[in-house]
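Asker: Sequence order for the protein chains is A and B. So for the first sequence, my numbering puts the first residue at 62; every next one is plus one. So for the second sequence, my numbering puts the first residue at 62; every next one is plus one.
Please keep in mind that the hints were generated in silico from the structure rather than gathered at the bench. Where hints are given, some of them may not hold.
Claimed, not checked - With a Cα cut of at most 27 angstroms, we get these calculated DSS-like pairs of lysine-lysine: (1) A/Lys324 with A/Lys347; (2) B/Lys366 with B/Lys347; (3) A/Lys74 with A/Lys308; (4) A/Lys308 with A/Lys284; (5) A/Lys366 with A/Lys334; (6) A/Lys365 with A/Lys74; (7) A/Lys188 with B/Lys334; (8) B/Lys320 with A/Lys188; (9) B/Lys338 with B/Lys324; (10) B/Lys281 with B/Lys101; (11) A/Lys80 with B/Lys188; (12) B/Lys188 with A/Lys181; (13) B/Lys347 with A/Lys181; (14) B/Lys347 with B/Lys334; (15) A/Lys188 with B/Lys304; (16) A/Lys365 with A/Lys294; (17) B/Lys338 with A/Lys188; (18) B/Lys366 with B/Lys284; (19) A/Lys284 with A/Lys294; (20) A/Lys324 with A/Lys374; (21) A/Lys83 with B/Lys101; (22) A/Lys304 with A/Lys281; (23) A/Lys304 with A/Lys365; (24) B/Lys338 with B/Lys320.
What the hints assert, rightly or not - Every beta carbon over 10 angstroms from chain A, so not counted as near; a handful from chain B, in silico: (25) His84; (26) Thr120; (27) Ala198; (28) Cys202; (29) Gln206.
Positions of the beta carbon are idealized from the N, C-alpha and C atoms, including for glycine.
Protein chains: 2
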Amino acid sequence: MHNPVQLQEIIEKAIPLIKYPKHPANLYEPIRYIMNLGGKRIRPVMVLMASELFNDNVTIALDVALAIETFHNFTLVHDDIMDNAPLRRGAQTVHERWGNNNAILSGDVMMVESNKHLSKVAVNVLKAVLDTFNATAQGVCEGQQLDMEFEQRSDVSISEYLEMIRLKTAVLLGGAMKLGAIVGGASEHNANLLYNFGENLGVAFQLQDDILDVYGNPEKFGKQVGGDIIANKKTFLHLKALKLAQKEEASLLLSENFKPEIKVGMVTNLYNKYEIKELATAEMEKHLALANEALAALEVEDYKKTNFRALVKQILEREH
Amino acid sequence: MHNPVQLQEIIEKAIPLIKYPKHPANLYEPIRYIMNLGGKRIRPVMVLMASELFNDNVTIALDVALAIETFHNFTLVHDDIMDNAPLRRGAQTVHERWGNNNAILSGDVMMVESNKHLSKVAVNVLKAVLDTFNATAQGVCEGQQLDMEFEQRSDVSISEYLEMIRLKTAVLLGGAMKLGAIVGGASEHNANLLYNFGENLGVAFQLQDDILDVYGNPEKFGKQVGGDIIANKKTFLHLKALKLAQKEEASLLLSENFKPEIKVGMVTNLYNKYEIKELATAEMEKHLALANEALAALEVEDYKKTNFRALVKQILEREH
């Protein structure tokens, strides 16, 4: 069995070997560019991890892993256009470098490239792989749509927020796990347990993100603490405070009257008063418990679950 | 056997029955909107026509036909963003009505919806269907990229232009034919002959479009005669004249010094002088001959080819 670092290396070696057509160069260069910007390759590693639970030959899942990584990068290219984002992983975004039209079209071709990777799996699992991938892709698009709509709305509920992050972030982790399981030869029952594991892990990961944005150690966090507060971002913490605080207090959350660092301090105090961190942590732990429950029910030898337990622990304890 | 009008009715009845999720409404409404804007449904009809050559049960090809129509409409949604087009079939384009971001994302989901339709075909043809569809989708994207690039270039050759229209327009007609053949149970040989038929028909169709834009009967044409000339569009006629005319004459093609109707008259005279219409017609007839050749080689009873011959004739004789 490989550890996650070894699996990441397998992905890193495979990506430069993907063959794209040479022409039109401007259609395919952005794809090579974004695919080689790096990142932790979490999603394709999850595909391989899940497959290896059921099949010693981890390369059997490589095409699906590349499909998931290509799809994920496709969503980054299109999301960055929609968000008007100039930077991605410290480098120019595709639309900044090649223009919006080119970025739309290269993204479209990445979707085709994902499907080309998928079509290489064994015929006996092809239909199940497609169904899972298509449901996953559809969920991710729905999540992005909700995220954009929430920016314009002032009445987003906590349950709507949880549904949005489930779709936008968690469904893809669940889908990656399930796809790996399917190509590895898992039963439907085990594949669905791994889906539940991945999805709940994804929700927990996003909630931890929301918490770290406010309560992260500035030295370890890597980005500005309080960035979400300054941007009035509707995170779990923001929405919970909006619900629990007095009306006058809550108006602070959207106020533009204070310097950023002052506002971050005041909002953090408000969060502390209503124990928002604890409430967010409880929600996160609920999802980690569900992930652990799915993992416990998984019908594989216990020692094979080590990497999966480590993932849960990493999220619980991560500081950035 | 159904005639093309009957096949179109089958498509028209099937489209409103496609079930999209209800939420998020703004993601799915644009899909219903563009899918119901009408059009002649040429591509899905071609899928059914090709399938029916090999299988009496035409509904066997319906999922693939809907996949092709959904994919085609997806390309319209994204192309209209790139082209900044306000109108499509006389109605507001999706991005005009819902905004660019929404249009990008609804388009993305349409690609997923296409793949969902495809995944419903019988498992024994699934792999072949996916391979043909993915190659087709990739070609169409490459064609759109070339089309955008040609607008910025002054050295486009005739062969580059023919390759662009092959990719942007003809590959999808070839792909529709081949996909119908595959689900209908055709041999690989026959499926490829139908691909060649569709692709050559597509190139001929686009060349006829270029000709009609200049030489169409204004009463029957339905849009402004000479529109391509006014827009300096690099059509087959434009590029051929650029190549054959004297340098001073050729400068007229890109000139902005004349009123539109004057320029249309002058450019048409230039085309006449160099017999551009005849050259374009010869190129079109070359592709129709190749389409007929593929049709003749097709191993099905001759009476079944009637509808296909009618398609060739329609293109040869169409006036709008």
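Asker: Each hint needs a verdict: does it hold in this structure or not?
Answerer: Quick rundown of the hints versus the structure:
1. A/Lys324 with A/Lys347: Violated, at roughly 30 angstroms.
2. B/Lys366 with B/Lys347: holds, 20 angstroms
3. A/Lys74 with A/Lys308: violated, 55 angstroms
4. A/Lys308 with A/Lys284: At roughly 30 angstroms apart (the allowed maximum being 27 angstroms), A/Lys284 and A/Lys308 break the hint.
5. A/Lys366 with A/Lys334: violated, 39 angstroms
6. A/Lys365 with A/Lys74: Distance ~24 angstroms between A/Lys365 and A/Lys74 Cα, so the pair holds.
7. A/Lys188 with B/Lys334: violated, 59 angstroms
8. B/Lys320 with A/Lys188: violated, 59 angstroms
9. B/Lys338 with B/Lys324: Within the cut-off at roughly 17 angstroms; holds.
10. B/Lys281 with B/Lys101: holds, 17 angstroms
11. A/Lys80 with B/Lys188: holds, 20 angstroms
12. B/Lys188 with A/Lys181: The hint holds at about 8 angstroms.
13. B/Lys347 with A/Lys181: Since the Cα atoms of B/Lys347 and A/Lys181 sit roughly 37 angstroms apart, the hinted pair is violated (cutoff 27 angstroms).
14. B/Lys347 with B/Lys334: Answer holds: B/Lys347 to B/Lys334 is near 22 angstroms, not above 27 angstroms.
15. A/Lys188 with B/Lys304: Violated: A/Lys188 and B/Lys304 sit about 51 angstroms apart, past 27 angstroms.
16. A/Lys365 with A/Lys294: violated, 39 angstroms
17. B/Lys338 with A/Lys188: violated, 50 angstroms
18. B/Lys366 with B/Lys284: Cα-Cα ~32 angstroms, so violated.
19. A/Lys284 with A/Lys294: holds, 15 angstroms
20. A/Lys324 with A/Lys374: The hint is violated at about 32 angstroms.
21. A/Lys83 with B/Lys101: violated, 35 angstroms
22. A/Lys304 with A/Lys281: violated, 30 angstroms
23. A/Lys304 with A/Lys365: violated, 43 angstroms
24. B/Lys338 with B/Lys320: holds, 23 angstroms
25. His84: It is violated; B/His84 is separated from chain A by about 8 angstroms at its closest Cβ, not greater than 10 angstroms.
26. Thr120: Consistent with the label, B/Thr120 stays out of reach of chain A, its closest Cβ about 20 angstroms off (over 10 angstroms).
27. Ala198: Label violated. Min Cβ-Cβ 5 angstroms, cutoff 10 angstroms.
28. Cys202: violated, 5 angstroms
29. Gln206: violated, 4 angstroms
In this structure, the earlier hints numbered 1, 3, 4, 5, 7, 8, 13, 15, 16, 17, 18, 20, 21, 22, 23, 25, 27, 28, 29 are contradicted, and the remaining ones agree with it.
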